[in-house]
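Whenever a hint applies, use it, and build me the whole structure from the sequences.
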Amino acid sequence: NAGVTQTPKFQVLKTGQSMTLQCAQDMNHEYMSWYRQDPGMGLRLIHYSVGAGITDQGEVPNGYNVSRSTTEDFPLRLLSAAPSQTSVYFCASRTTGTVSFETQYFGPGTRLLVL
Amino acid sequence: AQSVTQLGSHVSVSEGALVLLRCNYSSSVPPYLFWYVQYPNQGLQLLLKYTTGATLVKGINGFEAEFKKSETSFHLTKPSAHMSDAAEYFCAVTLGTGGFKTIFGAGTRLFVKA
Chain A
1 NAGVTQTPKF QVLKTGQSMT LQCAQDMNHE YMSWYRQDPG MGLRLIHYSV
51 GAGITDQGEV PNGYNVSRST TEDFPLRLLS AAPSQTSVYF CASRTTGTVS
101 FETQYFGPGT RLLVL
Chain B
1001 AQSVTQLGSH VSVSEGALVL LRCNYSSSVP PYLFWYVQYP NQGLQLLLKY
1051 TTGATLVKGI NGFEAEFKKS ETSFHLTKPS AHMSDAAEYF CAVTLGTGGF
1101 KTIFGAGTRL FVKA
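Taken in sequence, the protein lines are chains A and B. When we follow the working numbering, the leftmost residue of the first sequence carries the number 1, and every step to the right adds one. When we follow the working numbering, the leftmost residue of the second sequence carries the number 1001, and every step to the right adds one.
Possibly wrong hints are sitting among the right ones.
[Stated by the list, open to error] Cut-off 20 Å, straight-line C-alpha distance, at most; resulting in silico cross-link-like pairs (SDA-like, lysine to any residue):
(1) B/Lys1101 / A/Asp38
(2) B/Lys1101 / A/Gly51
(3) B/Lys1049 / A/Tyr105
[Unchecked claim] Taking CB as the label site, the calculated pair distances span:
(4) A/Pro75 / B/Gly1016: 43 to 49 Å
(5) B/Ala1017 / A/Pro61: 38 to 44 Å
(6) B/Leu1018 / A/Thr103: 22 to 28 Å
(7) B/Ser1003 / A/Thr7: 29 to 35 Å
(8) A/Val12 / B/Gly1008: 30 to 36 Å
(9) B/Glu1066 / A/Gln17: 29 to 35 Å
[To be verified] In silico negatives: residues of chain B with every beta carbon more than 10 Å from chain A:
(10) Gln1006
(11) Gly1016
(12) Leu1020
(13) Tyr1025
(14) Leu1056
(15) Thr1077
(16) Lys1101
The set of hints was computed from the structure by calculation and includes no laboratory data. For every residue, glycine included, the Cβ atom is placed at its ideal position computed from N, Cα and C.
Structural data, given as structure tokens:
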């Protein structure tokens, strides 16, 4: 049971480039989410999904795209990278979307630098 | 709108001393409250959570937190700090039924001095 995995661990992009951050979980969790972590700001929710085919926006969705074609995978796409998107990105999952006191399980993070 | 405020971005204690990390929240409905810990270069892991019932919640590694509705607080404590407790701690709140979004505080970095 690998839990929540994220690839790559570290990425450097040039402004304007696009890329996809991968997230996968093997716990059959319905709910998955993406956060970005910036110094002094905690974690901010980018997008989330309550099941395959269902996604919605979080606090800071601009510049990011998501899709959920399977229960296991929830990729995050940067459409045209900007220096303001330099951050550490965390993917998380929990059992269901409707029971909001359940524990979220976090991946190890992807550190992204946009030049 | 819900929000979370963690007082003090950095807290330093001596080994063996009391650890107190402060968290206040605002929510228009009864919240679910969480404390997560993040060790360097790792993801977050749950320390403890309050859902309903007993207001004093015990977590892993000797940590506990008390939900005080009248003070809208959920402070994290540990009687005796260990060097291994040095990490960043995040308080978070999720609304009740149907709450799809978890709001995190800015975090408090705990330093433990020998």
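Hint check:
1. B/Lys1101 / A/Asp38: Holds, because 18 Å separates the two Cα atoms, which is no more than 20 Å.
2. B/Lys1101 / A/Gly51: 15 Å, holds
3. B/Lys1049 / A/Tyr105: Holds. B/Lys1049 to A/Tyr105 sits at ~13 Å (cutoff 20 Å).
4. A/Pro75 / B/Gly1016: 43 to 49 Å: With a Cβ separation near 46 Å, A/Pro75 and B/Gly1016 satisfy 43 to 49 Å, so the hint holds.
5. B/Ala1017 / A/Pro61: 38 to 44 Å: 42 Å, holds
6. B/Leu1018 / A/Thr103: 22 to 28 Å: For B/Leu1018 and A/Thr103 the Cβ distance comes to about 26 Å; the hint holds.
7. B/Ser1003 / A/Thr7: 29 to 35 Å: With a Cβ separation near 33 Å, B/Ser1003 and A/Thr7 satisfy 29 to 35 Å, so the hint holds.
8. A/Val12 / B/Gly1008: 30 to 36 Å: 33 Å, holds
9. B/Glu1066 / A/Gln17: 29 to 35 Å: The hint (29 to 35 Å, Cβ to Cβ) is violated, given that B/Glu1066 and A/Gln17 are roughly 48 Å apart.
10. Gln1006: 8 Å, violated
11. Gly1016: 29 Å, holds
12. Leu1020: 19 Å, holds
13. Tyr1025: Non-interface label stands for B/Tyr1025: nearest chain A Cβ at 13 Å, farther than 10 Å.
14. Leu1056: Holds, since 17 Å exceeds 10 Å.
15. Thr1077: Since the minimum Cβ distance to chain A is about 20 Å, B/Thr1077 lies beyond 10 Å and the statement holds.
16. Lys1101: B/Lys1101 is in fact no farther than 10 Å from some Cβ atom of chain A, at 6 Å.
Going through the hint list in order, the structure does not satisfy hints 9, 10 and 16.
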